[in-house]
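Chemist: Chain by chain, the residues run as shown.
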Amino acid sequence: MTAVRLSELAAALNLEREGAIDPVITGAAGIEAAGPGQITFVDSPRFLRHLGASRAAAVIVRPGVECPLPCLRAADPHSVFAAVLARFAMPRERVFPPGVHATALVDPTAVLGVGVAVGPYSVIGGSARLGDGCALGSHVVIGPDVVIGPRATLYAHVTVREGVEIGAEVILHAGAVVGSDGFGYRQGAAGLVKIPQIGRVVLEDGVEVGANACIDRAQTDVTRVGAGTKLDNLVQIGHNVTVGRHCAVSAQCGISGSSQLGDGVVLGGQVGVADHITVGDGAKVAAQSGLDRDLPAGAVVFGSPAVERRRAYRLVALTHRLPELFARLRRLEAAIGVEDASRDPEDPE
Amino acid sequence: MTAVRLSELAAALNLEREGAIDPVITGAAGIEAAGPGQITFVDSPRFLRHLGASRAAAVIVRPGVECPLPCLRAADPHSVFAAVLARFAMPRERVFPPGVHATALVDPTAVLGVGVAVGPYSVIGGSARLGDGCALGSHVVIGPDVVIGPRATLYAHVTVREGVEIGAEVILHAGAVVGSDGFGYRQGAAGLVKIPQIGRVVLEDGVEVGANACIDRAQTDVTRVGAGTKLDNLVQIGHNVTVGRHCAVSAQCGISGSSQLGDGVVLGGQVGVADHITVGDGAKVAAQSGLDRDLPAGAVVFGSPAVERRRAYRLVALTHRLPELFARLRRLEAAIGVEDASRDPEDPE
Amino acid sequence: MTAVRLSELAAALNLEREGAIDPVITGAAGIEAAGPGQITFVDSPRFLRHLGASRAAAVIVRPGVECPLPCLRAADPHSVFAAVLARFAMPRERVFPPGVHATALVDPTAVLGVGVAVGPYSVIGGSARLGDGCALGSHVVIGPDVVIGPRATLYAHVTVREGVEIGAEVILHAGAVVGSDGFGYRQGAAGLVKIPQIGRVVLEDGVEVGANACIDRAQTDVTRVGAGTKLDNLVQIGHNVTVGRHCAVSAQCGISGSSQLGDGVVLGGQVGVADHITVGDGAKVAAQSGLDRDLPAGAVVFGSPAVERRRAYRLVALTHRLPELFARLRRLEAAIGVEDASRDPEDPE
Chain R
10 MTAVRLSELA AALNLEREGA IDPVITGAAG IEAAGPGQIT FVDSPRFLRH
60 LGASRAAAVI VRPGVECPLP CLRAADPHSV FAAVLARFAM PRERVFPPGV
110 HATALVDPTA VLGVGVAVGP YSVIGGSARL GDGCALGSHV VIGPDVVIGP
160 RATLYAHVTV REGVEIGAEV ILHAGAVVGS DGFGYRQGAA GLVKIPQIGR
210 VVLEDGVEVG ANACIDRAQT DVTRVGAGTK LDNLVQIGHN VTVGRHCAVS
260 AQCGISGSSQ LGDGVVLGGQ VGVADHITVG DGAKVAAQSG LDRDLPAGAV
310 VFGSPAVERR RAYRLVALTH RLPELFARLR RLEAAIGVED ASRDPEDPE
Chain P
10 MTAVRLSELA AALNLEREGA IDPVITGAAG IEAAGPGQIT FVDSPRFLRH
60 LGASRAAAVI VRPGVECPLP CLRAADPHSV FAAVLARFAM PRERVFPPGV
110 HATALVDPTA VLGVGVAVGP YSVIGGSARL GDGCALGSHV VIGPDVVIGP
160 RATLYAHVTV REGVEIGAEV ILHAGAVVGS DGFGYRQGAA GLVKIPQIGR
210 VVLEDGVEVG ANACIDRAQT DVTRVGAGTK LDNLVQIGHN VTVGRHCAVS
260 AQCGISGSSQ LGDGVVLGGQ VGVADHITVG DGAKVAAQSG LDRDLPAGAV
310 VFGSPAVERR RAYRLVALTH RLPELFARLR RLEAAIGVED ASRDPEDPE
Chain B
10 MTAVRLSELA AALNLEREGA IDPVITGAAG IEAAGPGQIT FVDSPRFLRH
60 LGASRAAAVI VRPGVECPLP CLRAADPHSV FAAVLARFAM PRERVFPPGV
110 HATALVDPTA VLGVGVAVGP YSVIGGSARL GDGCALGSHV VIGPDVVIGP
160 RATLYAHVTV REGVEIGAEV ILHAGAVVGS DGFGYRQGAA GLVKIPQIGR
210 VVLEDGVEVG ANACIDRAQT DVTRVGAGTK LDNLVQIGHN VTVGRHCAVS
260 AQCGISGSSQ LGDGVVLGGQ VGVADHITVG DGAKVAAQSG LDRDLPAGAV
310 VFGSPAVERR RAYRLVALTH RLPELFARLR RLEAAIGVED ASRDPEDPE
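From first to last, the protein sequence lines are chains R, P and B. Taking this note's numbering, the leading residue of the first sequence gets 10, the next gets one more, and so forth. Taking this note's numbering, the leading residue of the second sequence gets 10, the next gets one more, and so forth. Taking this note's numbering, the leading residue of the third sequence gets 10, the next gets one more, and so forth.
A few of these clues could be false.
No copy labels: a pair is met if it fits in one copy or bridges any two.
As the list claims (entries may be wrong) - Straight-line C-alpha distance at most 16 Å; calculated EDC-like pairs for lysine to aspartate or glutamate: (1) Lys203 to Glu178; (2) Lys293 to Asp272; (3) Lys203 to Asp214; (4) Lys293 to Asp303; (5) Lys293 to Glu27.
In short, the hints are calculated from the structure, not lab data.
All chains should be modelled from the sequences, with the hints used to inform the complete structure.
Modeler: Shown next as structure tokens:
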């Protein structure tokens, strides 16, 4: 367990420290959960009220905030807290013991960089190349001709199929599959006929792929995820999709074949994107929405099919008023003596 | 293959047996599929008509029901049938051969209880503790500092990451991932910056987690699934979520970060729960619904966004009458000579 | 790398070749991406305009189309292209090296056909039978009593649990789980009580199952996927489901327990099918739809709950006109002097 004086954290992070005592910090927690030995933070004024009752050993707060606990002062407490968290994470060497485990099978034609860790029972195929400082957990399977950049992290049970290209500092969480066949068939006389999927997948630098997520290889050409983009667990990326840079794709989203997302796109959970759709830079799609057509840059949408978000919520609100609408209509009909048309099978609209 | 006389089943389950013959039972099946040698059950009166044509060897029925087949009498045939099924399941020792397989890698600092089974190629990390009678299939990966209670069952390819705590009699199905990083980032100048996810996951006693389901570790603190709760396949539980006790979460549901479900909550398939939502005890959410706000205890809802279920279905029904509504409106407009407002760009609502 | 003269492709595929030169072909790509050495195709007239600027080495086109590049003539360029792709795929022997790897654990009672490939660390249980020419990647786990037909392909980390039956030429992509327990419980006094799931799964000939997809075993009887049916990544098939022949089930669909799909059914992405539903032959369900009742053969539907597709889109369009509807109603009310009923709490509809 890491144990560090608050004064050491202050020095390491170059922050002002306040308080009569200099507690030993052994962990970090949110403001409501933090207990003895733990450091926490308060970013939003509405959480300041928790400070009085907190059992935390110390807290990170904005300058000027009155604080009954030993504290560090920072203009952006949340980002400083993130830096503190890194110090209390299990050391990388414990999660990924250094060196190539004796049971790992590394093809003689594979090339491993300096300081690569390969866990038990992992298998690395012919001509694969792993950059310096890569860490592979247990049971990782790397196919032939795969290229992985420096300092990538692959957790247990990840599968990277043949020819996939992975950039620097990419993180693949447990069970993720990269390079599976795209869902491509043509209708033959006797049923669906598989179209060979011979393209590649490229994950650019800094991409993170969630647990049990799936990224299909292209039919030909490339399925690409741009630099810095984060995909959450159980996400599905179809063949020949391009996801731009610095996107955030929440859990259980599915992006169908050949669609193209721009940079900085944000998808809420369980969003579906139809095939051959283009989504502009910075578009935001609320959870459970379905995109069935192109979106311009900066669009903010909701619904299935999705429309502009404020409009979508207004339509939801008006839908909730349908009972009232029918009542008002009936009253009008009564007022002017028109028979209720609902008994009329004709529907001219 | 298990083979047992109906009279033996009757004795073991303490039930009344009827019928001139005492058939040998070798399996169990539903009423429509049951064939020679198989026992079945009839719970609902509408299935009684199948009894005449059934080729089943025996049937479990309520007292007083006329039955042309050898039968066992029980007030609750379904629950008795479940007890019978257990006798015809493949023996646990065949699915999980006893002992630690020679190829399993158990860290010298790990502690295994009495009667633990560990399958081929499984890997158990440092300081992990497995309770008595745990059964691990092939290729299970247990990280450092994991604690697993007695009689837990982990199928092939399960990943349990560092520090996760698992209760007694928990079942993790194949490919499930427990303790993956939460989806936590902050917006930095050059894109999304990962926030270290250093919290834990606690699965309380009796939890069952479906195949390829994912449960993220907390950022700090704990992601918790309460005792007796069942999660189906491909479910996603975000970081810092709390799921209460005895909940049923159907396949492909996703629960976003920090949301809290009470006890006895039931989610249909593909439900999405937004982040920081509180769902009261006993709430029921129909399939494909989306929760974007808190639900009180006992609520029964449907829709995306979800509303009270009867209301939701009424709104669906009224939406289906929109063509009629437009027609009636047009007729009224014609009757009083008001011009069709649809040509008016103004929209005062 | 495969390298072949265009004339050799023409001969192998029995097609007419045109053009002054006979280029060496080393790969294949789509019309917009194709570069030197690559063959491409043009099926639709709207892509013909790309031919002039293409750097492709050759192109497959319909008879009669003017073509500035060396070309092959075919009535169905797309299907010929698929045949060409197969020649440029990584050879099966490279992806699945022949023979049983020294680290594979094959139970002595298992029976392997001729030419079976088993990758590193795969585990094959007692009494399992694998047909001729099956190929298993690394870390495949086959339970006891599993039967697999000839020429099946199982990628890395696939789990096939005890007693599952798999037909000829079935493909299981990485991480797929076949035969996990169905989600079956009964309400007991102290919470949900697990009902043993002792049935089987049968995947008929030619079925393809996507990466990290899950197919639950039946409670009793059989969960069945019909011949030629293709399931995409992350699909969930519940216990006792029957999927017919030659269906296409897109990514992230979920089919709940005991539902029955006919032949040739097509489900778009993220579709949900409730339990005990019957879907007729050839029905088509648009993405994100939810089926809560039976569908007749040939139905084409959309929405959650799903209705006939044209009707669904019309209802969406009319919903988008709700602001106009309210405005028209208000105008009518003003014209005849009826008070706005929205202030009336009574709701007679």
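Chemist: Hint by hint, say whether it matches the structure.
Modeler: Right, here's what the structure says about each hint:
Taking identical chains as interchangeable, the C-alpha atoms of Lys203 and Glu178 lie at most 16 Å apart only when they sit on different chains, with a minimum of 12 Å there against 35 Å within one chain. For the identical chains of this complex, Lys293 and Asp272 are intra-copy neighbours only, at 11 Å inside a copy versus 33 Å across copies, given an alpha-carbon limit of 16 Å. In this assembly of identical chains, Lys203 and Asp214 lie within 16 Å of each other by CA distance solely across copies; the values are 14 Å between and 32 Å within a copy. Proximity of Lys293 to Asp303 under the C-alpha cut-off of 16 Å is restricted to the intra-copy arrangement: shortest distance 13 Å within a copy versus 23 Å between copies.
For a Cα distance limit of 16 Å, the shortest separation of Lys293 from Glu27 qualifies neither inside one copy, at 41 Å, nor across copies, at 49 Å.
The structure shown violates just one earlier hint, number 5.
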